[in-house]
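With these hints in hand, go ahead and build the complete structure from the sequences.
Counting from 1 along the sequence shown, just add 16 to a position and that's the residue number in the working numbering.
Keep in mind the hints are simulated off the structure, nothing from the lab. Fair warning: there could be bad hints in the mix.
To be verified - Okay, the calculated beta carbon distance ranges per label pair: (1) I210 x A109: 40 to 46 angstroms; (2) V173 x A112: 49 to 55 angstroms; (3) R294 x A116: 51 to 57 angstroms; (4) A109 x I283: 46 to 52 angstroms; (5) D269 x P46: 53 to 59 angstroms; (6) T182 x A213: 21 to 27 angstroms; (7) W124 x I24: 19 to 25 angstroms; (8) R249 x T182: 42 to 48 angstroms; (9) V53 x S129: 44 to 50 angstroms; (10) A116 x R176: 30 to 36 angstroms; (11) S29 x V53: 15 to 21 angstroms.
For every residue, glycine included, the Cβ atom is placed at its ideal position computed from N, Cα and C.
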Amino acid sequence: MRTVDDLIGWLGSSGGIARTADAIAAGFTPHAMRSAVDRGSVERVRRSWLALPGCAPDLRRAAEAGGRLTCLTQARRLGLWTPEHAELHLAVASTASRNAAEGVRLHWSQGPSPIAVGVLEDPIVNVLSHVARCVAVDEALPVWESAIRRKLVAAEVLERVEWKSTPARRLAEMASTQSDSGIETRFLLLMRSIGVAVRQQVWIDGHPVDGLIGECLAVQLDGFEHHRAKDRRRDLRADARLVLRGYSVLRFDYVQVMFQPDSVIGIISAAIAQGQHRRHGGRRRA
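What follows is the structure, given as structure tokens:
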């Protein structure tokens with residue numbers, strides 16, 4: 017007969033939380049479960065879940081709500097780029113109450129992928145589906161591309177999914193593997209909004225340039241954690257190499273691109289108006 021200690025070990029291997037039905041299927045008796053709860057080693061969540069005291073709070077809240085972690089919450093758990101957010105995003109049945117607890121955003125729509133009973137985390141396709149419905153395209157696209165870059169899903173798979181919403185279908189067409197980070201995707205969207213074409217990851221003098229506008233306007237983008245002195249020195253050397261080869265170089269950081277879009281657009285527009293994207297005189301070699 018499986019003991020209380022066995023139950024604790026089994027819950028630990030199950031993410032710290034599991035349904036009582038699954039525990040019974042694994043060979044644990046109701047008596048063993050009651051004993052574990054009485055000892056304080058295991059806690060009941062609603063009537064149908066068992067959790068270890070150290071269970072991840074988000075998983076516990078999903079079980080309490082009878083839902084699944086999804087959208088930006090699950091995207092962050094998967095290590096994807098996400099815009100700043102404080103709410104817990106939960107997918108629930110269409111018949112669930114419309115009254116959400118404070119700090120919780122409920123998603124009643126169903127994603128394209130079917131879900132087994134008792135699952136507390138949405139699959140990646142459903143996560144992206146909810147993201148598409150939940151946030152603006154300039155915030156959703158970096159999440160989608162992050163999922164592709166981390167190989168959680170292939171772009172070709174996303175293209176073939178029968179998406180239930182127009183935003184998701186649009187994002188499936190736009191997503192690619194070229195952007196190295198959410199900041200690059202955001203920059204591309206800003207440029208598309210003013211009709212400016214950007215070539216990504218163009219190699220010049222043996223080094224990649226984040227974006228190239230026209231023939232010779234190079235754009236470099238510094239991510240959120242890009243602040244170390246050695247990074248700065250490396251960037252200065254790279255910019256100098258480009259200038260010596262006749263390129264104009266503009267560098268933007270995370271805060272500028274994500275939170276000061278009008279300024280970025282204004283600078284790029286002014287540079288193009290001055291013809292800095294066009295070749296003048298001598299030949300340039302990439």
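Q. Okay, A109 versus I283 on CB: inside 46 to 52 angstroms?
A. 48 angstroms, holds
Q. Is the distance from the Cβ of R249 to the Cβ of T182 consistent with 42 to 48 angstroms?
A. Cβ of R249 to Cβ of T182: about 46 angstroms, so the range 42 to 48 angstroms holds.
Q | Satisfaction of the hinted span 30 to 36 angstroms by the C-beta atoms belonging to A116 and R176 | A | Cβ of A116 to Cβ of R176: about 33 angstroms, so the range 30 to 36 angstroms holds.
Q.
If I claimed the Cβ atoms of W124 and I24 lie 19 to 25 angstroms apart, would that claim hold in this structure?
A. 35 angstroms, violated
**Q.** S29 paired with V53, Cβ distance criterion 15 to 21 angstroms
**A.** Cβ of S29 to Cβ of V53: about 19 angstroms, so the range 15 to 21 angstroms holds.
Q) Are I210 and A109 spaced within 40 to 46 angstroms by their CB atoms? A) Since the Cβ atoms of I210 and A109 sit about 43 angstroms apart, the hinted range of 40 to 46 angstroms holds.
**Q.** T182 versus A213 beta-carbon gap, inside 21 to 27 angstroms or not
**A.** For T182 and A213 the Cβ distance comes to about 24 angstroms; the hint holds.
Q: Could you say whether the range 44 to 50 angstroms given as a hint is met by the Cβ separation of V53 and S129?
A: 34 angstroms, violated
Q: Confirm or reject the claim that R294 and A116 have a C-beta distance inside 51 to 57 angstroms.
A: Holds, since R294 and A116 (Cβ atoms, about 53 angstroms apart) stay within the stated range.
Q: Using the beta carbons of V173 and A112, state whether their distance is inside 49 to 55 angstroms or not.
A: 29 angstroms, violated
(Q) The hint says 53 to 59 angstroms between D269 and P46; measuring C-beta to C-beta, is that right? (A) 58 angstroms, holds
In this structure, the hints that do not hold are numbers 2, 7 and 9, in rising order.
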